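Peer 1: Chain residues, written in single-letter form:
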Amino acid sequence: MKAVITVIGHDRIGIIASVTGVLAKANVNILDISQTIMQNIFSMIMLVDVSNMNCEFSEMSDLLKQTGEDLGVDIRFQREEIFTSMHRI
Amino acid sequence: MFNVNEILETINMISEENLDIRTITMGISLRDCASDSGKTAGQKIYEKIVRCAQNLVRTGEDIEKDFGIPIINKRISVTPIALVAESSDEENYAVFARVLDKAAKAVGVNFIGGFSSLVHKGYTKGDKLLIKAIPEALSETERVCASVNLATTKSGINMDAVKEMGFIIKECAERTRNNGAVACSKLVVFSNVPEDNPFMAGAFHGVGEPECVINVGVSGPGVVAHALKDLNGADFGTIAETIKKTAFKITRMGQLVAQEASSRLKIPFGIVDLSLAPTPAVGDSVARILEAMGLEKCGAHGTTAALALLNDAVKKGGVMASSYVGGLSGAFIPVSEDAGMIEAVMRGALSIEKLEAMTCVCSVGLDMIAVPGDTPASTISAIIADEAAIGMVNSKTTAVRIIPVPGMKEGDVVEYGGLFGRAPIMRVNPFSSEEFINRGGRIPAPLQSLKN
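First to last, the protein sequences are chains A and B. Residue numbers for the first sequence follow the numbering used here, so the first one is 1 and each next one is one higher. Residue numbers for the second sequence follow the numbering used here, so the first one is 1 and each next one is one higher.
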């Protein structure tokens, strides 16, 4: 099963390090990362494989949300299907 | 591989444009709960609802979290209680409403629909008792919703029921006069009622439905309005095409959530209802979509045409996005629940007469309309009769959810809060319909050919 992580907020040092740290601990494999900074707004989209994740989906969702709050950015963790079902026939 | 723009578009729809799943509604058949003892029937009803729906709210919340899409309501619809209760010895059906309310609270749903009766051709004993109990049921329970179907295209309009419902609505208002006549907001009178509608207050689990089913209602007027904002000067073909594409995307969310809920709860998936359901939140308004097409205010001449285009394009886009579509499926135009409609009424742009015309081309009908408290029961009945006639002749669902607010007059505003919003009291035609309504009997079914 795959999931998409989106991080949106003001750029600062350590955003990717913090997020990937949380993912590594939970045994989540990163498949793809795309990152842009526009007018100091940082946006990162990450495709991850959660098949071997060692915690519940909702736990990871809460954990990433908390990480986002600590960093002052908005982090979402959503199953990939919401995007594929909306944009692919 | 993913596309960054697509992901950001979805996220933007959810966070900025109020895209949400409006409701996951579990339909539960109560046909096996009938008993000659009212007490036993009540017990069976309670136990069955709690057994079927115990995981509904939690599952909804889990899906919400996994997909990151808000699911606003988790609800239940049941077999029309008149059918279940009438073999029992109970004379006061408000008892069953209390059972439904208790069950709804036990499983944590915010509304339960199905305190209902189907009387389009006439009353049975159970129908009579149920309708009589509506005022008590709705004023003394919190979460129960009632509906009465009193007309169909195939059987005509039951004008005795039309007359009675005028009095019932007045009594509901009177019994909850200290709460803005809130009981009326939980009562819908229908023509051609659908049996799989997931939206309150008119939801019930029809007799042709399976034992238990999951129906989902999507929403997203804000997303459609946003999509139209960039189309200054575009022709109607472009507008329709844009609405179709947007409706497709919105409905795919509904389909995904419905399938997921169905598989997690191990209950068959029924339908996705394609309706555009507004909320009082800023930017979540159907009126604003019509205004985005170039009308100065919703209600201006041209509004009916704009709504016809919107309604049709939503269906065309939505139908392909879901394997099974049903329910009400169209744009809702509830006045109190739509910030743009409220403003249009207050500015004098929108009247009951214009709303009536709009109901000819969209679902559902005169919805959440507050009128002066001294409006006669016969006038309310006549409003119902007009709406039922539109539904009957056009082979479509129409409905009336009208609130005669005691002590209030034209220009006042009644505040409900939450999804029900606030309702400006609208002007009602002051001329009497009493003699017309007093005739009683049935209006025969209309001809289905020679259509002009």
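Please keep in mind that the hints were generated in silico from the structure rather than gathered at the bench. Please note: incorrect hints may appear among the correct ones.
[What the hints assert, rightly or not] If we take Cβ atoms under 10 Å as the criterion, some of the chain A residues that face chain B in the derived model are: (1) Thr6; (2) Arg12; (3) Lys25; (4) Phe42; (5) Ile45; (6) Leu47; (7) Asn54; (8) Phe57; (9) Gly72.
If you're wondering where the values come from, they're calculated on a predicted model, not measured in any experiment. All C-beta atoms in this analysis are idealised placements derived from N, C-alpha and C, irrespective of residue type, glycine included.
Peer 1: Indicate, hint by hint, whether the structure satisfies it.
Peer 2: Taking the hints in turn, this is what the structure says about them:
For the restraint placing threonine 6(A) at the interface with chain B, the shortest Cβ-Cβ distance is roughly 6 Å, inside the 10 Å limit, so the hint holds. Given hint, arginine 12(A) at the interface with chain B, is violated; its Cβ is 20 Å from that chain's nearest Cβ, farther than 10 Å. Violation of the interface hint for lysine 25(A) is found here, the shortest Cβ-Cβ separation to chain B being roughly 20 Å, above the 10 Å cut-off. For phenylalanine 42(A), the suggested interface contact is broken, since its CB lies about 13 Å from the closest CB of chain B, more than 10 Å.
Hint status for isoleucine 45(A): holds, given a least beta-carbon distance of 5 Å to chain B, under 10 Å. A hinted interface residue such as leucine 47(A) counts as satisfied when its beta carbon comes closer than 10 Å to some beta carbon of chain B; here the least separation is about 6 Å, so the hint holds. Interface restraint check for asparagine 54(A): the shortest CB-CB distance to chain B comes to about 17 Å, outside 10 Å, so the restraint is violated. Against a cut-off of 10 Å between C-beta atoms, the interface hint on phenylalanine 57(A) holds, since the closest Cβ of chain B lies about 5 Å away.
With its C-beta approaching chain B no nearer than about 17 Å, glycine 72(A) sits outside the 10 Å limit, and its interface hint is violated.
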